[in-house]
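Using the sequences and the accompanying hints, generate a full structural model.
These protein sequences, in sequence, are chains L and E.
Residues 1 to 311 (this note's numbering) make up the first sequence, in order.
Residues 1 to 283 (this note's numbering) make up the second sequence, in order.
What the hints contain is simulated information worked out from the structure, not anything from laboratory work.
In this text the structure is predicted, and so the values were computed from the model without any measurement.
Virtual Cβ for every residue (Gly too), placed ideally from N, Cα, C.
Among these hints, one or two may not hold up.
Stated by the list, open to error - Residues from chain L shown here face chain E by an in silico Cβ test under 10 angstroms; the list is partial:
# : residue
1 : Y107
2 : I164
3 : R251
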Amino acid sequence: MTTAYAIETANLEKTYRSRFRGREIRAVSNLTLRVPAGVKFGLLGPNGAGKTTFVKMLLAAVNPTAGSAALFGKDARHPESRRPVGYLPENHRFPTYFTGRGMLDFYAALSGLASRERKRRIPEMLELVGLKDWGDVRIKKYSKGMLQRLGLAQALIHRPRLLILDEPTDGVDPVGRREIRDVLNRLIGTGVSIFINSHLLSEVESFCEYVAILNHGHLVLEGKISSLIAGRGYRMAVTQIPEQALARIRRLGATVVSSTEPIEIQVVTREEANEVIDQVRAAGGLIESVSASTSSLEDVFIRATASEKAA
Amino acid sequence: MTAEGLTRSKPRVFAALISDTFQEARARWLFGGLFALSTLLICIFLFVLQIDLVQGAISILGIQSTTRTLDVGRFVRTSYSFIAIFLYIWGTLLAIFASSGLIPSVLEPGRISLLLSKPITRPELLLGRYAGNVLVIAANHIYLIASIWIIIGVKTGIWEKRFLFAIPASLVIFAVLLCVVVLVGVLSESAALSVMVSVALMLISAILAQTNFMLRVLNPGWSRHLWMTLYWIVPKVYDLANAMKQIVILDRQADWWTPVWTSAVFGVVILSGALYAFQKRDF
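Here's what the structure looks like:
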């Protein structure tokens, strides 16, 4: 069965109740989200936003209080829905009695890979994640970065159509992060949907095409990253502009970002941009460039979480 | 190529889970520890059979048996039954201690969420672990009891096959008590509590089994009913040992079936409860 969405949730909700006091904590609230198949999707949110609970509901480790979730159109509660899924959990605890090879064999068997196929895939995976020479070493001797890469190999060994990574670079040094990114980059163009749950904005911004932001269990923003960070105003670079003209431009509401030449001026609306251009030309200044300015994902994130807080 | 070629195979999943349990038991020194203790017991037994007093007793019994003053067979059977009961209690207790950590360990955060993300059901996961645990203990029980049987057989020339009844008897009781370990493990994730509850249940079962005496001394009718109800509910650790003794010593058909099936019903109910609790839990 093919479906346009790798992940589809409708009004998904999780409320934790303390056993004795009856206190309720709503970890995820009324979450409706669609992740198209084949894209790289980032789920962002501050700590405690409900990201991991959401991922665990997708993988049936947490039972939803209400709503529904589906993976490639199949009810996420059904084990078969998880067959095309590879998962790397946050704070994983792989049994340390395994060797790298043994661990891959175990999880691949649980994923449904036949013995012959496992024998073929394990060396390929060890090679892919750069652990070719470590396959027969017990994983208690592995570094954090090596464990993450082995975890990634475990998630990829059965050729999943959806890869769910929960904080994949958490606690990994910059070199390890780059190695993980390299492995993920090799998946681009293979049709695998990648869903990254992270609180590292730069990681999501540099890798993902789509993003959703969760805060206090609510979905506060969702969309294509390029659209979200574009169209936040106009920035122009000007030269040879007298100080008095610059003062007039400031009074129009424009922000002078840099006062050394070329002077950078930031405005919000198109009308303001045109007015500033008129002022610059009237004062004999030269316009070097005008461009629609973008904001970083961090700006988007802070605005989204702050406005949700205010609401 | 994506995941389309993957197949659902329950035997493969169970084999992987059982193999994982064996590997964990080996890594935690449970497997080696159990076998080392069993080997130690076997060595002690060999040593006891070598000392002069026992050697002499065996020789005397051999001579006297020809004059028919002593029933050697009965003497050996009595020894067998005491050894069988000792192994039954020793093996069961040791097995509970050894197994108590194997359920909570699989429920550790970061481990369980990855296991649950695989295309297997929760009952499959728990039952695979349970089966692995039973097989680890079965391997040890067979090694211990069969070794002692062979030693006695070689030494006395009497091969009492009924002694081997201790293997299934210990395994049945262990399998039932393991259900309790699983339930307590799933609910509390505490290995220590699992051991406490299971061992307490063994003792309670032995006390409740004194029905003849208790029915005489308990006065109000309801208390007798309560006693008997509790007796029928809990696993019959004592009754099965008693049945084993009768079968081995007296060479007669004892009622072993009743303690087995009532204990099995208890085990099934408790394991179902564990599966239900496991199904409902969030990890």
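Taking the hints in turn, this is what the structure says about them:
no. : hint : in the structure
1   : Y107 : 7 angstroms, holds
2   : I164 : 8 angstroms, holds
3   : R251 : 58 angstroms, violated
The structure does not agree with numbered hint 3 stated previously, though it agrees with all others.
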